[in-house]
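S.K.: For the record, the sequence lines run as chains A and B.
Reminder that position 19 of the first sequence reads as 19 in the working numbering, one-by-one numbering, no gaps.
Reminder that position 96 of the second sequence reads as 96 in the working numbering, one-by-one numbering, no gaps.
Hints are computed from structural coordinates only; laboratory data are not their basis.
Since the model is a prediction, treat every value here as computed from it, not as a measurement.
Ideal Cβ placement from N, Cα and C applies to all residues, glycine included.
The reader is advised that the hints may include incorrect statements.
Stated by the list, open to error - In the SDA-like style, the derived pairs of lysine to any residue whose C-alpha atoms are separated by at most 20 Å in a straight line are: (1) A:K57 <-> B:R101; (2) B:K69 <-> B:N41; (3) B:K49 <-> A:I77; (4) A:K65 <-> A:S82; (5) B:K58 <-> B:N41; (6) A:K57 <-> B:T77; (7) B:K58 <-> A:T99; (8) B:K49 <-> A:G42; (9) A:K17 <-> A:L113; (10) B:K49 <-> B:V29; (11) A:K65 <-> B:K69; (12) B:K49 <-> A:F98; (13) A:K57 <-> A:M27; (14) A:K17 <-> A:P61; (15) A:K65 <-> A:T101; (16) A:K18 <-> A:E1; (17) B:K49 <-> A:K18; (18) A:K71 <-> B:R101; (19) A:K18 <-> A:S80; (20) A:K57 <-> B:G99; (21) A:K57 <-> B:R100; (22) A:K17 <-> A:I77; (23) A:K57 <-> B:T98; (24) B:K58 <-> B:S27; (25) B:K58 <-> A:T101; (26) B:K49 <-> A:R96; (27) B:K58 <-> B:P30.
Unchecked claim - Not close to chain B: a few residues of chain A, all C-beta gaps over 12 Å, as computed: (28) P8; (29) G16; (30) K71; (31) I77; (32) T99; (33) Q102; (34) T111.
To be verified - DEER-style ranges, computed between Cβ atoms: (35) B:H82 <-> A:V52: 39 to 45 Å; (36) A:V52 <-> B:S70: 27 to 33 Å; (37) A:N7 <-> B:Q45: 41 to 47 Å; (38) A:T5 <-> B:S84: 33 to 39 Å; (39) B:M96 <-> A:I12: 36 to 42 Å; (40) A:G16 <-> B:S80: 51 to 57 Å.
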Amino acid sequence: EAQVTQNPRYLITVTGKKLTVTCSQNMNHEYMSWYRQDPGLGLRQIYYSMNVEVTDKGDVPEGYKVSRKEKRNFPLILESPSPNQTSLYFCASSPRGFTDTQYFGPGTRLTVL
Amino acid sequence: AQSVTQLGSHVSVSEGALVLLRCNYSSSVPPYLFWYVQYPNQGLQLLLKYTSAATLVKGINGFEAEFKKSETSFHLTKPSAHMSDAAEYFCAVILMDTGRRALTFGSGTRLQVQP
Chain A
1 EAQVTQNPRY LITVTGKKLT VTCSQNMNHE YMSWYRQDPG LGLRQIYYSM
51 NVEVTDKGDV PEGYKVSRKE KRNFPLILES PSPNQTSLYF CASSPRGFTD
101 TQYFGPGTRL TVL
Chain B
1 AQSVTQLGSH VSVSEGALVL LRCNYSSSVP PYLFWYVQYP NQGLQLLLKY
51 TSAATLVKGI NGFEAEFKKS ETSFHLTKPS AHMSDAAEYF CAVILMDTGR
101 RALTFGSGTR LQVQP
């Protein structure tokens, strides 16, 4: 089944404890992106990647890192999480670029205490 | 200035009634326009998209949207609401005059369907 998977789906952690949220797609898509969703703000882009080893900042990149070493994987890294990073996170991918339809993962709900 | 504005964070309709969800964008160049739907505890999925081929775009589940350049709008409609349409709806744009290689989402409209 063509899909975007994210792990974990739910995570509660404490301030400063490094964590990684994984994202993987099995559709051979070139473009991948991370968003965070907060009430009343819609989705805001954190980082995106046009292809392997090509990443760039979105609207709210502070406090996050990404890497794209393989086409299928695009992990989101929080080196030192803070409570303001408590949010619902979505990974998405699209076949060729940002103008294509994006396919979203199921989301990761992160709570930072 | 907001790039994309959705009027009404909550909309409630009766089953069988018309659904109208509003979306306006700010751009001097016609953008790519999308509507995504998010059902409870799920990711987003595409309802429809406008890519300049036709101003009236038909999507899944009976939804459609009309691009009106003069009004910079891309409102989403469905003639007859069904209980299963209850969800959050997001308008999203790609603004071709900004150089951003990303979707910009509106703040969302939660649709309630009353029996």
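S.K.: What's the verdict on B:K49 and A:R96, does the C-alpha distance respect the 20 Å limit or exceed it?
M.R.: holds (16 Å)
S.K.: Taking the minimum C-beta separation from A:K71 to chain B, is that value above 12 Å?
M.R.: holds (18 Å)
S.K.: Against chain B, does A:T111 keep a CB gap of more than 12 Å to every residue?
M.R.: Its Cβ never comes within 12 Å of chain B, the nearest being 16 Å, so this holds.
S.K.: Hinted pair, alpha-carbon criterion (20 Å max): B:K58, A:T99. Please report holds or violated.
M.R.: holds (18 Å)
S.K.: Given the proposed pairing of B:K49 with A:F98, does the C-alpha separation stay at or below 20 Å?
M.R.: holds (13 Å)
S.K.: Are A:K65 and A:S82 close enough, with their CA atoms no more than 20 Å apart?
M.R.: holds (14 Å)
S.K.: Would you say the C-beta atoms of A:T5 and B:S84 sit inside 33 to 39 Å of each other?
M.R.: Violated - the Cβ-Cβ distance for A:T5 and B:S84, about 25 Å, lies outside 33 to 39 Å.
S.K.: Is the hinted pair A:K57 and B:T77 satisfied, with a Cα-Cα distance of at most 20 Å?
M.R.: Roughly 34 Å between the alpha carbons, so the hint for A:K57 and B:T77 is violated.
S.K.: Between B:K58 and B:P30, does the CA-CA distance stay at or below 20 Å?
M.R.: holds (19 Å)
S.K.: For the pair we were handed, A:K57 and B:T98, check the Cα-Cα distance against 20 Å.
M.R.: holds (15 Å)
S.K.: Need the status of pair A:K65, B:K69: alpha-carbon distance at most 20 Å?
M.R.: Given that 20 Å is the threshold and the Cα spacing comes to 38 Å, the pair is violated.
S.K.: Could you grab the alpha-carbon distance between A:K57 and A:M27 and see if it respects the 20 Å cut-off?
M.R.: Violated, at roughly 23 Å.
Consistency note: the structure conflicts with the earlier hints numbered 2, 3, 5, 6, 11, 13, 15, 16, 17, 24, 32, 33, 36, 37, 38.
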